[in-house]
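Given the sequences, and given the hints that come with them, work out the whole structure.
For the record, the sequence lines run as chains C and G.
Counting with the working numbering, you get residues 1 to 292 for the letters of the first sequence.
Counting with the working numbering, you get residues 293 to 696 for the letters of the second sequence.
Straight line, CA to CA, 30 Å or less: simulated DSS-like cross-link-like pairs of lysine-lysine: (1) C:Lys67 x G:Lys355; (2) G:Lys633 x G:Lys661; (3) C:Lys84 x G:Lys355; (4) C:Lys67 x C:Lys84.
Ranges between beta-carbon positions, derived for each pair: (5) G:Thr392 x C:Val151: 18 to 24 Å; (6) C:Gln152 x G:Ala527: 40 to 46 Å; (7) C:His144 x G:Val472: 28 to 34 Å; (8) G:Lys633 x C:Ser210: 41 to 47 Å; (9) G:Gln463 x C:His144: 16 to 22 Å; (10) G:Asp381 x C:Asn135: 51 to 57 Å; (11) G:Leu418 x C:Ser146: 36 to 42 Å.
Here are some of the chain G residues that sit facing chain C, going by a computed Cβ distance under 7 Å: (12) Gly317; (13) Val320; (14) Ile460; (15) Arg465.
In short, the hints are calculated from the structure, not lab data.
Small disclaimer: the values here were computed from a predicted structure and weren't measured.
Each residue gets a CB set at the ideal place from its N, CA and C atoms; glycine is no exception.
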Amino acid sequence: MTRWFSPLVVGAALLAMPGHSLEAQGDSSLAPTYGRRAPAVRGIAIDARMAEDFGLATGSIVTLSGKPGERGDSVAVAAVFERKADPAEVARREYRIRTHLDHLQTLLDLDDRVDRFAVGVADNVPVDSAVARINHVAFGFRAHRSADVAVQSSRTFRVVERFHRAIGLITVVASAVFLLCLLLLSVEERRRDIAALRLMGISQGTIVRSIVIEAAVVSVIGSIIGAGIGWISSLIVNAHFQQVYRTPLLFALLTPEIFAFATLTSLALGIAAGAAAAWRLVRTPPLTLLGR
Amino acid sequence: MSMRATLAFATLRRHPARTVLAVLGIAVAAALLLDMVMLATGMRESFRSLLLTRGYQLRVSPKGTLPFDSEATIDGATAIVAALRANPDITAVSPALGTTLALPGQAFPSVFTLGLEADVQGDYVLEAGRDMPVTAGPSAPLPAVVNHTFLVRTGKRLGDTLTVAAGIDAQLRTAARNRVVVLTGEGRFFYVPAETPVMALPLPDVRTLLGPEYRDRMSVAMAESRLGDSVSVEAVRSWIATTQPRVTAISTETAIRQVEERLSYFRQLAFVLGAISLGIGFLLVATLVTLSVNERRGEIAVLRAIGTQKGGVLRQVLLEGFMLSGAGITGGLFLGLITAKWLNGILRDFPGLPAAFDFFLWSPEAAWKSLALLLVSGTLAGLLPAWRAASIPIIRSLREDAVG
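So this is what it looks like as structure tokens:
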């Protein structure tokens with residue numbers, strides 16, 4: 001609820017004014033203007049989602065104000081930018097614009113104020129000592145290492161990742177029990193066949209091995225079919241959520257590592273279940289298996 | 293126990309390993325289903341109860357923003373609050389101004405501060421000490437209510453004093469305004485994350501601290517409609533939207549809808565996993581009962597030969613599915629509550645989440661409905677094998693069983 005440290009968001013009243021247009025200026029109008037006169041109509045960059053929703057393009061003139069109801073400045077859309085596929089912003093449906101720093105400061109009556117600035121240190125200066133030196137003289141602000149900021153801002157994804165792992169664990173347990181149950185049943189259903197093989201003189205080891213191989217083959221085939229279903233599901237999930245959130249972000253991904261993990265888990269469970277069920281049956285006398 | 297139930301129970305007991313595995317499988321599926329139902333309904337209910345903690349059904353925020361979603365504030369706050377209070381359909385209005393104040397010489401440099409009117413505030417409940425007055429004198433120490441995290445991180449106790457500052461000038465290394473604050477009370481703040489230190493001060497004094505440009509500003513106001521039904525609340529919301537063009541009025545329902553949009557991923561994940569749980573439960577029971585029926589063709593043929601009606605066989609096989617599902621669901625209920633607590637603990641670590649917000653909330657109606665759905669699904673899973681069992685050709689099955 002509280003986002004007091006978030007970057008400045010302009011409480012902008014934005015109004016498209018069709019009929020007026022400037023020449024397309026591209027990104028150049030947002031380039032620094034040192035030693036040059038600032039253009040009469042300032043340029044802003046808007047995100048593609050905003051351009052699409054408001055029917056704006058480069059050259060469109062819009063009104064931008066710092067407070068609702070105020071007259072504001074006429075500005076030109078100088079560039080349209082695609083937002084990064086950032087999971088932190090995916091559920092936020094706000095629009096984004098980029099202005100020159102001094103322009104925004106003027107709009108918001110913020111005299112020479114910024115939320116943050118980035119500092120690049122020379123290659124031979126340790127970041128920690130630079131941070132310590134800045135904080136030693138800092139008054140009303142603090143310096144942080146970019147790595148620490150990244151760790152803090154990635155906390156959301158680490159929570160989501162832990163949640164997904166937990167859900168994954170529950171799903172694996174459920175699948176394992178299901179697989180064990182099915183293999184146990186499928187082996188037990190063939191009590192008569194196994195009894196006949198034993199009566200024909202086939203050794204216990206041969207029967208156990210054949211059942212284990214069969215269970216392994218079934219597990220691998222099942223895993224491949226499951227991976228196919230998973231892959232198709234991931235396509236549907238991605239298509240759906242990309243459209244819902246209007247982002248190129250991938251929500252579900254079937255990687256070779258995930259496929260290998262699923263197949264190996266299934267194989268191990270299949271072999272274990274097949275061996276356990278087969279061992280139980282071969283230890284039972286053949287005539288008992290036949291119900292005699 | 294009736295003869296039919298005894299037979300069904302004996303059939304399940306004949307193969308303890310497979311029965312235990314099936315019950316375990318259904319229990320895990322039931323637990324997952326219960327968790328997903330709790331996730332899907334919990335967020336909504338938890339957020340609703342959070343918003344209605346102190347009875348305020350409406351939030352008034354700067355135009356185009358959600359409350360505290362940006363640093364924007366509302367100018368002309370006094371006139372807006374007065375206009376709202378003059379409306380007979382509104383029983384209470386609580387304005388709040390949020391800001392960050394510097395804490396010179398303390399363990400952490402700044403604290404999130406709420407300027408509130410103590411007599412109408414709906415942001416915290418006092419847990420220890422004294423509440424703050426509506427306003428303090430110009431020279432006396434400012435009375436403050438803080439949360440437990442603030443006390444822990446500063447090492448202060450109730451009654452201690454400290455200095456807060458605003459208008460920091462980094463170049464001149466000065467603060468434009470500062471005040472001594474006395475910590476009079478400890479409160480539990482509803483909308484602030486538990487790990488965030490927070491301080492509440494009288495609203496007029498926070499405005500004074502922030503300087504002339506904030507003398508008539510607020511970040512948000514909460515309003516309580518005289519009638520609590522959704523139609524009346526919506527009428528008040530609509531009136532605010534019409535008469536106050538510089539603000540956005542949001543009802544609890546709208547806020548819930550907007551948060552649901554943002555968190556729709558979790559709801560849809562819950563729906564997909566819940567559907568998979570139902571499917572797993574159905575398949576387990578169907579597979580087990582089908583194999584069980586195939587094994588007992590001779591036994592069923594004997595039952596039919598001695599006069600058991602088709603309906604009797606059908607009901608007995610269905611009863612097996614019901615018993616399996618019932619046992620699994622009973623286990624799944626406990627397993628689900630334990631895993632829900634575990635998963636809720638994980639998601640509660642989300643940064644910026646109010647302390648009182650839960651993702652998994654026990655909702656008896658939704659939980660019982662979902663588990664009943666699994667029970668019906670499990671019972672119906674036995675329908676096809678039950679029908680096949682009841683339709684067994686008696687003579688042929690008896691001969692096959694005798695010959696082997």
